[in-house]
Each structure stands twice: as C-alpha cells, then as structure tokens.
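Each chain, written out:
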Amino acid sequence: MHDTNLVLGGKDFTSRLIVGTGKYSTNEIMRQAHDESGAEIVTVAVRRVSLPGKGESILDFIDTKRFTLLPNTAGCYTADEAIRTAYLAREAGLGEMVKLEVIGDARTLFPDVQGLLEATKTLAREGFVVMPYTNDDPIIAKRLEDAGAACVMPLGAPIGSGLGIRNPYNIKIILETVSVPVIVDAGVGTASDAAIAMELGCDGVLMNTAIAGARDAVAMARAMRLAVEAGRLAYKAGRIGKKLYATASSPLEGLPDWTS
Amino acid sequence: MKITVNGREMEVADGLSVEALLAHLAVKREFTAVAVNREITPKASYASVALRDGDRVEIVRPMGGG
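Chains as they are written, first to last, in this note's numbering: chain A, 1 to 260; chain B, 1001 to 1066.
Pulled out of the complex, with its shape left as it was, chain A reads as follows (with noise of 0.2 Å):
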C-alpha cells in the first residue's frame, strides 16, 4: 500500500519511528538497537564535555550520514533554558531540528506547557524547527500548532514509565485539531503501546526507555520497528467498527440439514 513520508522541516522520512540514545547498557548495544529499529531519527541531550575532553563519545557509535540527530532541551525547567540550550545545539553543528522540552516538575516530567509554548514562538521565529513535548491536550496542541511548531509530541504517559497510551481519546481529538504531524512522545512501554498510537492515526512515535530498558534492547528495538510499520498500515487499511454482538463470518445460507 501507498504512504506518505513523514515531513518535517521540509525533510522527507520514510521511518515514522523516532528513538533515543539514552540508557543503553552499552553503546555498542545502542547502535545495533538503531540499526535494527530502522529509525532515521534519534535523539540527544546537550551536556558539558568531561574535562579533559577524552573518552568514548556516543557520536562514534551514530553514524551521523545516516541518523539525523535530534537535539532535546531536556533538563530544562525555563523557556530561557530551553532557547539557549536549543542554540546551543545549533551552534554545536546540530542542525535547526529541536525536540522542545520546558518540564514542570521533576516527580511527573509533564511540561510546563506556558514555558513551551513561549520557547516554541521564539525559536520558530528564529527559524527552528519545533518539535515541541507536549501534554495530552488538544487546546496546547492548537496553541503550539499557532505558535509555529513543525508538528505536536503529546505523551502517551509520563517519560520513562511504560504505561502506554493513556489517554487515546484526548490523542484522537488532538488529530483532529492540529493539522501538522502528530507524534506520540513518552510512555510506550511495549510494542502494542506503539502500534495503538499509530492505529489511532498518529504520524510517528518517540521512544527511548522502551527501547534502551528492555532486557534485549535490540529485539526490542526490532518489535517496535513492526509495531510501528503494523499500526501504521491498519491505520491505512481502515479497521472494521466495533459492534456488541457477533456477526458470522460464514454464510447462514446453504448449512446441511441434520434434522432427524
């Protein structure tokens, strides 16, 4: 069947998984879980070097003409942080994409969504692509849209906790508010968790923990890849409606007569 690419800031991918290169046991298990998510996209946080600048850099484990990095603004609690620290990332070589996180409180991670929405305005003026963490609210979701966001990351539960998609009906209303790429950002704790987010029209989704936590990280990293690729297609191919009762699936004409 025929699909679209995901686009965002003018760049085509055909991969609507996006993944992380945080918690890996090691790198070297992180690059063969990139490699076999088949994502396009991962993810990194902006963080001091270690003096003296020796040792191993997650970047020799990425290649960087392959994988696009996607530079987060995560630890930031600030727009001000979350701006400078998008800079940074810029100034670093990391190109005008920005995984836009402003968090709220360190016990949930949920954002600060008047931080957010004040960072996503500056830097999209300042020509970045935004692509903005957000909650599970289609009014935020409008809000960031308006303000210039490149698409909406709404979590599917908070970061790290493997609840899944909580909240699938605010994430539906949300499909139908926005109008530029949605992609579920946190919470998938399995492969299921990604294929109901994709089943449910999303354009792509974000994991880390999922991925990096799993006790065969690579596997894992394979099962999301079909998850995604699946809920992507049922998606396109259009479910059949839910209904209370039963509907045979064999004719109730032509049955053999047993009567005695």
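Hints in this document: simulated from the structure, not taken from any laboratory.
Glycine included, C-beta positions come from ideal geometry on N, C-alpha and C.
Be aware that a few hints might be false.
Claimed, not checked - Far from chain B by the CB rule (all over 12 Å, computed), these chain A residues: (1) Asp12; (2) Phe13; (3) Val46; (4) Glu96; (5) Gly104; (6) Ile140; (7) Lys142; (8) Ser179; (9) Pro181; (10) Ala210; (11) Gly241; (12) Glu253; (13) Leu255; (14) Trp258.
What the hints assert, rightly or not - Lysine-lysine pairs mimicking DSBU-like chemistry, simulated, CA-CA at most 30 Å apart: (15) Lys65/A <-> Lys23/A; (16) Lys121/A <-> Lys1043/B; (17) Lys1043/B <-> Lys65/A.
Fit chain B to the supplied structure of chain A, relying on the hints for placement.
Coordinates of chain B only, in the frame set by chain A:
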C-alpha cells in the same frame, strides 16, 4: 587568572583565547559548542575571543538522551 569551565574552577594564562582553552583541554571540536557567561561563542570567533578573569565557560556536546 581564574575561570570556571563546566563548573570547575581553573587557573589559566591571562587573555587565553577560547581556541587555546579547547586545545589545552583536548576537547574534540566536532558537534561542540561553547558559551561564555551565558552567551554563545560562534566557532569563527574562538581564536579572537580572549577570556577574562572570572569568566564562566560552558563547553557542551551531544550525550545520550531521549
């Protein structure tokens, strides 16, 4: 003079440039960015920017994250 680099105080030569600091600390240049006192230093200015006593320098790179 004393400067703070990534939260660590260090004694360096007066008027040290950002370029010389990066070389001194053996920092890889690829995908690296520098900010001095919260302001980003463009790569093209590394050699011309002289650090001053009390400057706070941040040197960052991509690390694992989600």
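Each hint, compared with the structure:
no.	hint	verdict
1	Asp12	holds, 23 Å
2	Phe13	holds, 18 Å
3	Val46	violated, 5 Å
4	Glu96	holds, 14 Å
5	Gly104	holds, 17 Å
6	Ile140	holds, 21 Å
7	Lys142	holds, 25 Å
8	Ser179	holds, 27 Å
9	Pro181	holds, 19 Å
10	Ala210	violated, 10 Å
11	Gly241	holds, 36 Å
12	Glu253	holds, 57 Å
13	Leu255	holds, 57 Å
14	Trp258	holds, 62 Å
15	Lys65/A <-> Lys23/A	holds, 23 Å
16	Lys121/A <-> Lys1043/B	holds, 26 Å
17	Lys1043/B <-> Lys65/A	holds, 22 Å
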